[in-house]
Amino acid sequence: MIDPATLDRIITLALAEDIGPGDVTTLATVPSGVRGRAVFLAKQPGVLAGMQALRRVYARVDGQVQVTPCQREGAVLTPGMQIAIAEGPARGLLTGERVALNFLQHLSGIATRTARFVQLVRGTGATIVDTRKTVPGMRALAKHAVRVGGGHNHRFGLYDGILIKDNHIQAAGGLRPAVERASQAAPHLLRVEVETESLEQVREALDAGADIVLLDNMDLQTLRAAVALCKGRALTEASGGVSEETVRAIAETGVDLVSVGALTHSVTALDISLDWG
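Number 203 in our numbering belongs to position 203 of the sequence shown; there are no gaps in the numbering.
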């Protein structure tokens with residue numbers, strides 16, 4: 001479930017961008033009072049996400065348009081499957097079409113890719129998590145789609161998690177002082193994570209009291225050694241160079257988390273159409 005206020009804010013921007021002062025094509029060609037029926041159809045296999053956005057778009061464009069879901073959020077789609085039926089004033093159906101499809105296609109693409117990664121690491125004990133590499137303004141929706149696909153959310157922003165990265169370490173004068181200062185400043189419920197690039201840095205992070213150690217762009221041998229060092233002392237997160245081809249081997253090193261920027265930063269939209277009639 002996406003926070004309704006957040007969803008409305010995003011939809012407001014999307015509708016203003018697409019419709020502006022009015023849908024000149026629809027207003028010029030479709031008489032007022034004409035009613036219609038349109039079906040959202042899956043054109044390729046995938047995982048459905050974005051039904052809340054779909055319904056809300058039409059509620060905002062024309063409250064007389066009725067959207068009837070045919071599938072639940074998270075449903076596994078096959079080509080030709082009906083996703084939802086929209087009925088009502090033809091002008092409203094046509095004006096809301098592209099924005100509704102943009103949300104549905106993009107979010108379903110994220111859920112579909114996430115589900116593939118989750119399946120690839122099944123049985124390893126590793127959890128697939130997302131990153132902050134999202135389309136600006138769309139983060140809440142993108143992270144919702146990751147959850148729909150079976151993944152988990154990393155921090156939502158800079159405000160809800162401490163993650164000390166390489167540039168923080170440089171600016172703070174070193175890894176240890178950065179971790180120690182963060183630990184002193186953090187509320188007791190907020191864990192401290194630090195990015196490391198070598199076993200030496202892993203040891204330094206542990207000695208400084210880090211709660212989570214991010215293992216960045218390490219080869220498999222180094223990952224396994226780092227996991228052994230952290231066992232019982234800190235959670236481990238593997239990051240960097242994670243793809244569908246590499247994720248299984250990375251997960252099998254014993255890491256607790258595998259963060260995948262590709263879940264959201266370069267996702268391919270799922271092919272979904274709106275067919276009239």
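Rather than coming from a laboratory, the hints here were simulated on the basis of the structure. Check before you lean on any hint, since a few could be wrong.
[Claimed, not checked] Straight-line alpha carbon distances no greater than 20 Å define the calculated SDA-like cross-link-like pairs of lysine to any residue that follow: (1) 165 <-> 116; (2) 133 <-> 6; (3) 133 <-> 216; (4) 165 <-> 177; (5) 43 <-> 75; (6) 231 <-> 206; (7) 43 <-> 116; (8) 231 <-> 199; (9) 165 <-> 183; (10) 231 <-> 125; (11) 231 <-> 185; (12) 133 <-> 183.
In this text, all values refer to a predicted model and were calculated from it rather than measured experimentally.
How the hints compare with the structure:
1. 165 <-> 116: The given pair, whose Cα atoms are some 28 Å apart, is violated under the 20 Å limit.
2. 133 <-> 6: holds (19 Å)
3. 133 <-> 216: At roughly 16 Å apart (the allowed maximum being 20 Å), residue 216 and residue 133 satisfy the hint.
4. 165 <-> 177: Distance of about 13 Å is within 20 Å: holds.
5. 43 <-> 75: Roughly 14 Å between the alpha carbons, so the hint for residue 43 and residue 75 holds.
6. 231 <-> 206: Within the cut-off at roughly 10 Å; holds.
7. 43 <-> 116: Answer holds: residue 43 to residue 116 is near 18 Å, not above 20 Å.
8. 231 <-> 199: Holds - the C-alpha atoms of residue 199 and residue 231 are around 14 Å apart, at most 20 Å.
9. 165 <-> 183: Satisfied, since the Cα-Cα distance of roughly 15 Å is no more than 20 Å.
10. 231 <-> 125: holds (14 Å)
11. 231 <-> 185: violated (25 Å)
12. 133 <-> 183: violated (25 Å)
Checked against the numbered hints given earlier, the structure breaks hints 1, 11, 12 and satisfies all the rest.
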